[in-house]
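Given next are the chains, with one letter for each unit.
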Amino acid sequence: MKNEILIKYIFSVADNALILGQRISELCGHGPTLETDIAMTNISLDLFGQTRGYYQYAAKLSEDGKTEDDFAFLRNEREYINVLLVEQPNRNFAYTVARQFLFDHFHLLLMRELQDSTDDNLAAVAKKSIKEVSYHVRFSSDWIKRLGDGTAESHEKIQEAIDDLWRFTDELFHPTEAEKTAVKEGVGVDVSALKTTYYENVSEVLKKATLKIPELKYFQKGGKNGVHTEYMGFILADMQYMQKTFPGMKW
Amino acid sequence: MTETKPHINSKLIPILKSVSDPEIPVLNILDLGVVRSAEIENETAKVKITPTYSGCPAMDVIGDDIKTALHEAGYEAEVELVLSPAWSSDFITEAGRKALKEYGIAPPLDATADKEALLGNKKIVECTNCHSKNTHLVSQFGSTACKALFKCDDCGEPFDYFKCLI
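Protein chains in written order, with numbering that gives the first Met the number 0: chain A, 0 to 250; chain B, 0 to 165.
Chain B with its partners taken away, still in its complex shape (with noise of 0.2 angstroms):
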């Protein structure tokens, strides 16, 4: 990881942890990593967020998720979209992978491990089901720009891979 960590003033983080991406409920908006920095300046919430992809949809409903979100705790709210730094998968936390595992979508592996499994060459994704390795990309392109399609071969579950942007 080579950015450096957003700034995020701490009052926020509760309130910025309320706002989950649309189209993965059980993902905040931290984990996700798209929030890159939170500022307050006389009672004014100052947020800026970076999108996945570029043409993403669910960036205008995350902007005025995270408005009326601070509104409903007594703030004004400005929220400006960035697109520098560049969001990368890595930007995902911890909690954030092991959220979207449970949620049945595969985390995001590292880059040289990601192009292996894109290209077919190496089984290392792992069927959100029932944990074998042994499956097989259907599409590289998922059910969102940001997800590919696997199907496991033990089990038969169709599954979405987070791809792996750096």
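Extracted from the complex, chain A is given alone in its bound form (with noise of 0.2 angstroms):
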């Protein structure tokens, strides 16, 4: 395979990580308690650690001298692939858990797969990930129970979040071609393998919860192929603030 597919492979998996801690650290300082606050602050440097597994790995295979920093910070919108569901707004604390909970459950089944793939690099950052990822399924799937079985107002508040989250769930299990380029080469993981499982798990937990799972026919898609919603620029604007305005700078 191609190094420049590789790269591409190894964004398709890391820009979700990278973009989605980027997201729940807004919430540092500002969760609604401490105790909540680390929990995602912590889940941000998770998923952080997991974005530099992959991002310097890329830089090793990139041809043009390029870093882990200059993939973060400094690409386009248009260059990120990651969905649109990891970039979607804090609204408020039931839209961080529906949306860490949607994703939680997929970025398990993935990590489980990908640490079988041919790539060594890529198994082993897996490897390490399933750890903390399982972590994370385990918070966000218990207060995904503790606002939907909480207060009327928790449970609609949780329900209205999954509602409005739902429509970009379908999005992860599409591959773009050069996934399905490193799945025929034993490096990446068919994501579309993994609906039937995702649904289920998912439907489990929002059945425990006494929430409903949504019917929707209507999804929406466009970040795997860089095409985003409005809120991305704004997280990029707040995120590359700093490299672009000291370029090169390290801390």
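Among the hints, a few may not be true.
Stated by the list, open to error - Derived EDC-like pairs (lysine to aspartate or glutamate); straight-line CA-CA distance at most 20 angstroms:
#1 B:K122 - A:D141
#2 A:K59 - B:E79
#3 B:K150 - A:E34
#4 B:K114 - A:D141
#5 B:K150 - A:D36
#6 A:K59 - B:E77
#7 B:K122 - B:E79
#8 A:K220 - A:D189
#9 A:K220 - A:D162
#10 B:K121 - A:D141
#11 A:K126 - B:D109
#12 A:K249 - B:D59
#13 A:K126 - B:D89
#14 B:K16 - B:E75
#15 B:K132 - B:D159
#16 A:K216 - A:E170
Honestly, the hints are just simulated from the structure, not real lab data.
Put the two chains together into one complex; each comes in its own frame, and the hints tell you how they fit.
As structure tokens, this is what we get:
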């Protein structure tokens, strides 16, 4: 497989972790309670750590001397290929939890398959990530149950968030051309094969949380092809600000 | 424990033992199990370390501390971060577990017990202050990514529990 395609495949996995990590890092110092604040920032840190593992590998493969920071901070909006789900805003805590829950369950299934990749570097990052993502799944699923089976207000809010974000879930299972090539080579994971298990797992938790499983016929996609929702530009403006103001800056 | 023991040159052991986790100063990096190999090639000490958690901010500091300690002992130093084999809380040695406990952090249980504890199904995490097992989970995420927050229902002490990662 050409390096160029492998790098694109790496981005298709890593960009989700980066953008979701950035999104939940917004809760740093703003979480509804101290414990949830710390939990969200810890999850964010896990995701950034995983992202680094992927981008450092992509940097090694890069033929034009790109670094991990170039990938994280200096690409244009169209060059990020994260799914639309992860860039959706933190409207309220229910949205934060619902987005996390809907992504975590996908993330865990993906990592379980990626650990068997024929690419040793990707397999190593995946093996490491599984342990962390298992905790994320537990955290977000617990909150879904707590909010769903909580007060009338928490139930209403989490149901609204699930209903609203559901339309972004289908995109997770549409492979891009780079993903298809990576699957053929034994490097990548066939995401379309994860779909049934994903909806089963997610539905099981929603039922326990006394929530309705949305019945939706229309799904939105585009992020994996670089066509994002209006929220993406704001994330990047915030995230890239320092590197663009002080090029090459290091901590 | 399925992983093979890390290969560490015995000359380097005392030097590496002098380096501790900046977040848990009582725990040296050998007891923490993050050193995967340490060898000497032509006056250069080559050390491979693995992060406990992917985003662990202590790794950069640990890497720098290892280099400093090796330089002071007269070696050139190379530190490499490796992801495989992935760190597991099983890598923490018995001495490490004891040090954690004395420091006020409950050491990791085995995987099944850990799940029961973190789901709040069983009261099995021992309070580091009064040793009672009448404790409860406050938050799955504690002061750092590797810890969960517990509270003792007998003496009222809040304490960290080092999560099991297998």
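Each hint, compared with the structure:
| no. | hint | in the structure |
| --- | --- | --- |
| 1 | B:K122 - A:D141 | holds, 18 angstroms |
| 2 | A:K59 - B:E79 | holds, 15 angstroms |
| 3 | B:K150 - A:E34 | holds, 13 angstroms |
| 4 | B:K114 - A:D141 | holds, 13 angstroms |
| 5 | B:K150 - A:D36 | holds, 18 angstroms |
| 6 | A:K59 - B:E77 | holds, 19 angstroms |
| 7 | B:K122 - B:E79 | violated, 40 angstroms |
| 8 | A:K220 - A:D189 | holds, 18 angstroms |
| 9 | A:K220 - A:D162 | holds, 16 angstroms |
| 10 | B:K121 - A:D141 | holds, 17 angstroms |
| 11 | A:K126 - B:D109 | holds, 19 angstroms |
| 12 | A:K249 - B:D59 | holds, 13 angstroms |
| 13 | A:K126 - B:D89 | holds, 16 angstroms |
| 14 | B:K16 - B:E75 | holds, 18 angstroms |
| 15 | B:K132 - B:D159 | holds, 14 angstroms |
| 16 | A:K216 - A:E170 | holds, 13 angstroms |
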